[in-house]
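Engineer: Sequence:
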Amino acid sequence: MQNNNPIVNGKRDNKRIWSLYNESLVRRMKDILDLRDIRNYRHDLGKQNRKKNGRPYIIPDKIIEILARIRAVFNASFRSLESYMRIFQEILGIPGISYSSIFRRIRKIKVPEIMNPSSSVAVDSTGFKTTIRGDWLSNKWAKKRKGWIKLHVSADTERIMASRISITMEHSHDATQFTRLITGSEQRVFADKAYDSRKIFNILRNNGSEAIIPLRKNFSTLSRTSPLRGKTAREIRKLGEDQ
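So in our numbering, spot 230 of the sequence shown is number 230, and the numbers just go up one at a time.
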């Protein structure tokens, strides 16, 4: 699936290329709906039922995987997925199934384990609320703030899939989880300024990995126990911070 947020550096940092962004959104559904899987569903269904004991499937796993992708990208409910199946049934003649069957089939999807290590990963984190109430409601009724849960993720940039995760409370700094998110065999590691530390640069240098990490403002060009970070700082200063 294509990148849905293409940006370049222009007069303003992170200027969006709107033509690419619009095209990526237009192509999103086309990327999710693999027409080959839809056209060949009878062949896939026969192959899947060939060695199955008991009641045969009426929908192959590849169609269920399409529904799972729709749910993941658009946060669609299972009842909405049943609506998609009714559309497929009317247009393409694919048998319809209930939302409860879709739920059970999605839970049974076997995700193949990727044994080959990732050569290029991106590391980042995000936060999740532990309660649905807002801050205004909490303040009004003097409820104790529940806080956030932080999800730290490293993702394979070539296969577009998560490779490692770590979960902490909100006060845990991003950089503290870095070593848990890499294997040491990566060729390139992408991260934001939260991971700009001499320790992380030293880890990547020892692993032989290329560190693609922007430095914080007012960075020093001195090595100060981190030759790789010092070298990166000098190269940025030489080329200009906006390059």
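Simulated from the structure, these hints should not be mistaken for lab results.
Errors might be hidden in some of the hints.
As the list claims (entries may be wrong) - Pairwise CB distance ranges (calculated):
1) GLN187 to ILE165: 17 to 23 Å
2) ARG237 to LEU33: 45 to 51 Å
3) ARG27 to ALA76: 16 to 22 Å
As the list claims (entries may be wrong) - Computed list of lysine-lysine pairs in DSS-like fashion (alpha-carbon distance at most 27 Å, straight line):
4) LYS193 to LYS150
5) LYS110 to LYS51
6) LYS51 to LYS108
7) LYS199 to LYS150
8) LYS129 to LYS150
9) LYS52 to LYS108
10) LYS30 to LYS110
11) LYS238 to LYS199
12) LYS193 to LYS217
13) LYS51 to LYS62
14) LYS30 to LYS51
15) LYS62 to LYS110
16) LYS47 to LYS110
17) LYS217 to LYS199
18) LYS62 to LYS108
19) LYS217 to LYS231
20) LYS52 to LYS30
21) LYS30 to LYS108
Note that beta-carbon positions come from the ideal geometry of N, C-alpha and C, so glycine has one too.
Engineer: If a hint holds in the structure, say so; if it doesn't, say that too.
Structural biologist: A quick look at each hint next to the structure:
Range check, GLN187 to ILE165: about 21 Å between beta-carbon atoms, so the 17 to 23 Å window is met. A C-beta distance of roughly 48 Å is found between ARG237 and LEU33, which places it inside the suggested range of 45 to 51 Å. For ARG27 and ALA76, the Cβ-Cβ distance of about 18 Å falls inside the hinted range of 16 to 22 Å, so the restraint holds. Between LYS193 and LYS150 the CA atoms are separated by roughly 17 Å; this keeps the pair inside 27 Å, and the hint holds.
Straight-line distance between C-alpha atoms of LYS110 and LYS51 comes to about 17 Å, which keeps the hinted pair within the 27 Å bound. At most 27 Å may separate the alpha-carbon atoms for a hinted pair to count; LYS51 and LYS108 meet this at roughly 17 Å. Taking the CA atoms of LYS199 and LYS150, the gap is near 22 Å; set against the 27 Å cutoff, the hint holds. Between LYS129 and LYS150 the CA atoms are separated by roughly 9 Å; this keeps the pair inside 27 Å, and the hint holds.
Restraint check: the Cα-Cα separation between LYS52 and LYS108 comes to about 15 Å, which is no more than 27 Å; the hinted pair holds. Distance hint between LYS30 and LYS110 is fulfilled; the C-alpha atoms sit about 23 Å from each other, no more than 27 Å. With a C-alpha separation of about 23 Å, the suggested pair LYS238 and LYS199 falls inside the 27 Å cut-off, and the hint holds. In summary, the hint linking LYS193 to LYS217 is supported, as the alpha carbons are separated by about 9 Å, within the 27 Å threshold.
At most 27 Å may separate the alpha-carbon atoms for a hinted pair to count; LYS51 and LYS62 meet this at roughly 17 Å. With a C-alpha separation of about 32 Å, the suggested pair LYS30 and LYS51 falls outside the 27 Å cut-off, and the hint is violated. At most 27 Å may separate the alpha-carbon atoms for a hinted pair to count; LYS62 and LYS110 meet this at roughly 11 Å. Between LYS47 and LYS110, the direct Cα distance comes to roughly 16 Å. Compliance with the 27 Å bound is thereby established for this hinted pair.
Distance hint between LYS217 and LYS199 is fulfilled; the C-alpha atoms sit about 18 Å from each other, no more than 27 Å. Distance check on the hinted pair: LYS62 and LYS108 sit about 12 Å apart at the alpha-carbon level, within 27 Å; holds. A distance of roughly 16 Å separates the Cα atoms of LYS217 and LYS231; the hinted pair therefore holds under the 27 Å criterion. Distance restraint check for LYS52 and LYS30: the Cα-Cα separation of roughly 31 Å exceeds the 27 Å cut-off, and the hinted pair is therefore not satisfied.
About 25 Å separates the Cα atoms of LYS30 and LYS108, which keeps this hinted pair within 27 Å; it holds.
Checked against the numbered hints above, the structure violates hints 14, 20; every other hint is satisfied.
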